[in-house]
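**Student:** Residue numbers (this note's numbering), protein chains in the order written: chain A, 1 to 115; chain B, 1 to 114.
No lab work stands behind these hints: they were computed from the structure. Hints are supplied without guarantee of correctness; some may be wrong.
[Said to hold, decoys possible] Only part of the chain A face toward chain B is listed, based on derived beta-carbon distances under 7 Å:
1) M45
2) A81
3) S87
4) F91
5) F105
6) E110
[Stated by the list, open to error] Far from chain A by the CB rule (all over 12 Å, computed), these chain B residues:
7) D56
8) K78
9) L84
10) G108
Backbone N, C-alpha and C define an ideal beta-carbon position, used for all residues, glycine too.
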Amino acid sequence: AQKITQTQPGMFVQEKEAVTLDCTYDTSDPSYGLFWYKQPSSGEMIFLIYQGSYDQQNATEGRYSLNFQKARKSANLVISASQLGDSAMYFCAMRSYNQGGKLIFGQGTELSVKP
Amino acid sequence: EAGVAQSPRYKIIEKRQSVAFWCNPISGHATLYWYQQILGQGPKLLIQFQNNGVVDDSQLPKDRFSAERLKGVDSTLKIQPAKLEDSAVYLCASSYYRAEEKLFFGSGTQLSVL
């Protein structure tokens, strides 16, 4: 069975500091992808970053980086230099490519950036 | 590039009524998804289309929910009859290919069942 777990319902961070959002996953498929999406109060899901199971290096996209630890089955999102506009819900998601390929989501973490 | 369009933005109905949502994916995207997001939870996949064929509808409550994607472009999701527990945001997403990494999402339809 495929499963995504986010254990932090809410997080606070001071503006300009870095923050790590935790995500663990479970799949028996060796071929999978891990994603992070941001959902502001407007409701739209915004893609942030992607990591493939065979990628050797951690993915980075601007201020976002994904700390991929395959043996631990974790895919934590690191946001550097937090901004007020980063306040939103953050969802970790996974796609197992040999098991239908559907994108499943975790429960989400609500991030609040304090000025 | 235009994004994924959804309508209506909000809908309020009474239980046992019917409701329909519409989605227009990004031009050229072969794969279309409908997700249900209950307040405080992550989105749950209801149905996935590849062109106008269904790829996955394992979590679609087929006794009350139906979806179609005629001509492989627009899609409608219908609930008949609605229950209180159907109150949620219904998100539509699209991508080029089923294995494409990135899904593009619409703003969703917020449904309240009273």
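**Student:** Are any of the numbered hints broken by this structure? If so, which, sorted upward?
**Tutor:** 2, 3, 6, 7, 10
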